[in-house]
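Engineer: Note that the protein sequences, when read in sequence, are chains A, B, C and D.
Numbering that gives the first Met the number 0 numbers the first residue of the first sequence as 0 and each following residue consecutively.
Numbering that gives the first Met the number 0 numbers the first residue of the second sequence as 0 and each following residue consecutively.
Numbering that gives the first Met the number 0 numbers the first residue of the third sequence as 0 and each following residue consecutively.
Numbering that gives the first Met the number 0 numbers the first residue of the fourth sequence as 0 and each following residue consecutively.
No wet-lab data here; the hints were simulated from the structure.
Since this is a predicted model, take the numbers as computed values, not measurements.
Please note that the accuracy of each hint is not assured.
Here are the in silico distance ranges between beta carbons for each label pair [said to hold, decoys possible]:
1) B:Gln211 x D:Thr212: 39 to 45 Å
2) C:Ala154 x D:Glu22: 30 to 36 Å
3) C:Val144 x A:Ala154: 29 to 35 Å
4) D:Phe64 x B:Leu214: 52 to 58 Å
5) B:His143 x C:Asn56: 57 to 63 Å
6) C:Ala154 x B:Leu214: 47 to 53 Å
7) B:Ile33 x C:Pro87: 46 to 52 Å
8) D:Thr212 x C:Val144: 34 to 40 Å
9) A:Gln211 x B:Leu63: 47 to 53 Å
10) B:Lys29 x D:Thr187: 46 to 52 Å
11) C:Ala154 x B:Trp67: 32 to 38 Å
12) C:Arg122 x A:Val51: 33 to 39 Å
Cβ coordinates follow ideal geometry from the N, Cα and C atoms, glycine included.
Here is what each chain is made of, one letter per residue.
Protein chains: 4
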Amino acid sequence: MAEDEQTKQVKTLKQRVWEIIFEAETPAGKLFDIVLLCFIGMSVLAVMLETVAEFKNKYSSELLFVEWFFTIMFSAEYLLRLWCSRKPLRYATSFFGVVDLLSCLPTYITLFLAGTSGFAVVRVLRLLRMFRVLKMAHHVRGAHVIMQGLVRSRAKITVFFFAILMFAVIAGTVMYYIEGNVEGTSFTSIPMSIYYAIVSITTVGYGDVVVQTNLGIFVTTIMILTGYAVIAVPTGIVTTELMRGKDNESDHTTDACPSCGAHGH
Amino acid sequence: MAEDEQTKQVKTLKQRVWEIIFEAETPAGKLFDIVLLCFIGMSVLAVMLETVAEFKNKYSSELLFVEWFFTIMFSAEYLLRLWCSRKPLRYATSFFGVVDLLSCLPTYITLFLAGTSGFAVVRVLRLLRMFRVLKMAHHVRGAHVIMQGLVRSRAKITVFFFAILMFAVIAGTVMYYIEGNVEGTSFTSIPMSIYYAIVSITTVGYGDVVVQTNLGIFVTTIMILTGYAVIAVPTGIVTTELMRGKDNESDHTTDACPSCGAHGH
Amino acid sequence: MAEDEQTKQVKTLKQRVWEIIFEAETPAGKLFDIVLLCFIGMSVLAVMLETVAEFKNKYSSELLFVEWFFTIMFSAEYLLRLWCSRKPLRYATSFFGVVDLLSCLPTYITLFLAGTSGFAVVRVLRLLRMFRVLKMAHHVRGAHVIMQGLVRSRAKITVFFFAILMFAVIAGTVMYYIEGNVEGTSFTSIPMSIYYAIVSITTVGYGDVVVQTNLGIFVTTIMILTGYAVIAVPTGIVTTELMRGKDNESDHTTDACPSCGAHGH
Amino acid sequence: MAEDEQTKQVKTLKQRVWEIIFEAETPAGKLFDIVLLCFIGMSVLAVMLETVAEFKNKYSSELLFVEWFFTIMFSAEYLLRLWCSRKPLRYATSFFGVVDLLSCLPTYITLFLAGTSGFAVVRVLRLLRMFRVLKMAHHVRGAHVIMQGLVRSRAKITVFFFAILMFAVIAGTVMYYIEGNVEGTSFTSIPMSIYYAIVSITTVGYGDVVVQTNLGIFVTTIMILTGYAVIAVPTGIVTTELMRGKDNESDHTTDACPSCGAHGH
């Protein structure tokens, strides 16, 4: 009888923990979300600052403490999620399950590898912790609508990507032919020239690769202007898609016109 | 009786000053607005030119005169606003009240601090005067509509910001892993790499940080193209919001369709 | 009688010349337009190539011939326009009248000034001929629609300009405070810092002025992201305006709905 | 009789090959498309890597083998297309027919020219193979819609191009006048200055040509801000065109309103 009650209590506890961790409507759930977001932000900041030489030298021990504090916190969160999840395996293999695991695992592994392993592995593990920022995606409301807009425009965006790439490949090859033989050129290979073409068409324009010949300047000018006109198309496309989505939405919530039976007018 | 009349006269004066300063429909109010805008523009220009070494050396005394002229003008304006405002305290604590105070205060403080205080404080105070430009926001019509559009798209813009930041953090970390160990690299830390990612994704592309390895060029190309596609989304979002706003507006001003009783068709 | 006929003939000639020069529907008018466009393009190209040292040295005499050929052509065109225009004075003082005059005048003046005048005046006159390109604006169809879209969005574009400028002034001042005291800084004055801010916000990013401090990098990142979000607004504004224009247009051409008497549904 | 059957069999074979090569609905046709796309991608990659010195030195013989493998494959594809096409001449003279021919021809020609011909011709032929990427355009679905959007906005895009070019010519000339006489200037000629203007207006901003004088900075700032406002217009234009297209589309698929007989409401 006592055992039964205990099982029940555990169940209720499990239920309550689940509500706090997975839902955001209750005050406790909200608080949990906010604290978690702060922890993620601070731990990402700590990993970032670890790579700044002057900062690392000064606050080496503080960074180590912070690192272990957040690792233990995220481990606890991961275990709690596993425990109270109704389908633990499904959670563990889901995108956010993997991200949650990767948020704490690297720190433990570096501990075991410490002396023995090579520098490269440790470096990857240290940087993997930056992916904790992905945990945040969990908590951003409204991302849904934007994702839908992107997904619906998927086909057109793919075409657009393809078009830019093909244009950049052709333009890059032409630029390589024009500038490739000039002394001291930065157009040392076709991949480099395609890099130049993409950097120009998208209006980034670093300036690390620049033309030297008059013909190169002329072709670049044509290329930029053409690329500039291409901006207009994808913008229009996504807008159209979002509007279509809005129209459909309003269509579902209004009744049909009684005089003609048609929707959406 | 005479006193009463005087009070009345003061009240009428107060009323008239209030109309001139706070309203813009009357000719006097319009003139006041235009003169004030010119004064703001000229005083901001003066502070700007003060930092240009060659100009400062030549016109040192003229700049001092101009500075005090505008300070006294803005002080007078501030006091008049305080005096004729119906709720002086509310004005003084409002955004524009603080801006108005900050427009004249720094000059007086630098006078008192002259010899004693350190250079840093004086420098802040001198630069604070540049914020006079905010006084202009008061007088721009139509800003209301744009602000509304921005405020209504607030949630979506926040999501978009978050997405860019998360993308930049991940991309920056990957770039740091690729380029961080190359000799003479500019990717000296993760914050620097994130700076590179943001400068690239937003198509600014200063060119102070550039890749050196072939893999870095490849990843940068992918990153830029992805970032370029992201432009399309926020643009579409705000357009949609502005249109929704327009639709609602027209909805309020037209009657319901007599044949079906529905609005907006 | 013979005189009367002659007057009539002159009138008819005037009429015909007017049709050729000012209208574009007749075959002769179309031909005139095309020839003129080619002449403008070629003369602008000639002035451009005149400033390229290696080209000027080689083809000095050819350029001189081309210059005089086009000058005489444009002079003839200007005189014809003056002669056959119904209101010569109005044409001479109109925008395109002044442009037409400026297209031929500079060459004559440089002839008279040849030996005597200073280099600077001749240089201005030589470059003034580049403004011949404005003659082209006359012949571009469809420019009307775009101009209307711009004019209708005028108020909102002004607000947007103002907002960017104010933002750039504030951001530039902050950047000047942060970077102005660093050794070897490019932020030598507030105008220079505002130039940096505008180049960054508009995503141009030359890279001639770049930050050096960590704080500067952080503020620049914030500034760029904010500026990037601002792009979305003007785009949406003009789109909305163009659509409103389209809606009104279609409103004028369709009848009112007979069942409800309302337009535009 | 046997001969007749053979002819029939050939016909059926021709029919089947035609279905595989020209259509994409059947499983075999789909497989053919995917294999071809992979081949195109890999062959383009091979030509690209050939220009990277370090790669060429290491894998010289592998690249030669790959080159001949793809050339023979594309030759076979070209011959098959010619053979089974109903109108071989029309295919051979079509855009994709020429592209298909150019995909295999250059390799054969370089074989014959090997020792004798100059370097320049071989170089062009080698680079011509990069145009194989155009074969891909054949297989991109959805490109149709975007092309239509662009074609429908053709007139307005032309106007926009013209406007940018005219603006850049004027701005470039002014910049040349301001910066052309400064020592160590990059504004060595008007074409160079126009290049600067276009790079600035389109927000590319390489930074290879930058201003040095205060006046130049001021004019550049004005130029950039104006160019920035121009982005808004073409974007709005294409969006409007795409929407008009959508409206018309829905018009065709819905019946007229029975109460008023009008379409599209």
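Engineer: If a hint holds in the structure, say so; if it does not, say that too.
Structural biologist: Verification of the supplied hints:
1. B:Gln211 x D:Thr212: 39 to 45 Å: 34 Å, violated
2. C:Ala154 x D:Glu22: 30 to 36 Å: 55 Å, violated
3. C:Val144 x A:Ala154: 29 to 35 Å: 30 Å, holds
4. D:Phe64 x B:Leu214: 52 to 58 Å: About 26 Å separates the Cβ atoms of D:Phe64 and B:Leu214, which means 52 to 58 Å is violated.
5. B:His143 x C:Asn56: 57 to 63 Å: Given range 57 to 63 Å: holds, Cβ gap about 60 Å.
6. C:Ala154 x B:Leu214: 47 to 53 Å: Given range 47 to 53 Å: holds, Cβ gap about 50 Å.
7. B:Ile33 x C:Pro87: 46 to 52 Å: For B:Ile33 and C:Pro87 the Cβ distance comes to about 39 Å; the hint is violated.
8. D:Thr212 x C:Val144: 34 to 40 Å: Since D:Thr212 and C:Val144 have Cβ atoms about 38 Å apart, the given range 34 to 40 Å holds.
9. A:Gln211 x B:Leu63: 47 to 53 Å: 50 Å, holds
10. B:Lys29 x D:Thr187: 46 to 52 Å: 49 Å, holds
11. C:Ala154 x B:Trp67: 32 to 38 Å: Cβ of C:Ala154 to Cβ of B:Trp67: about 36 Å, so the range 32 to 38 Å holds.
12. C:Arg122 x A:Val51: 33 to 39 Å: 52 Å, violated
Consistency with the previously given hints fails for numbers 1, 2, 4, 7, 12, ordered from lowest to highest.
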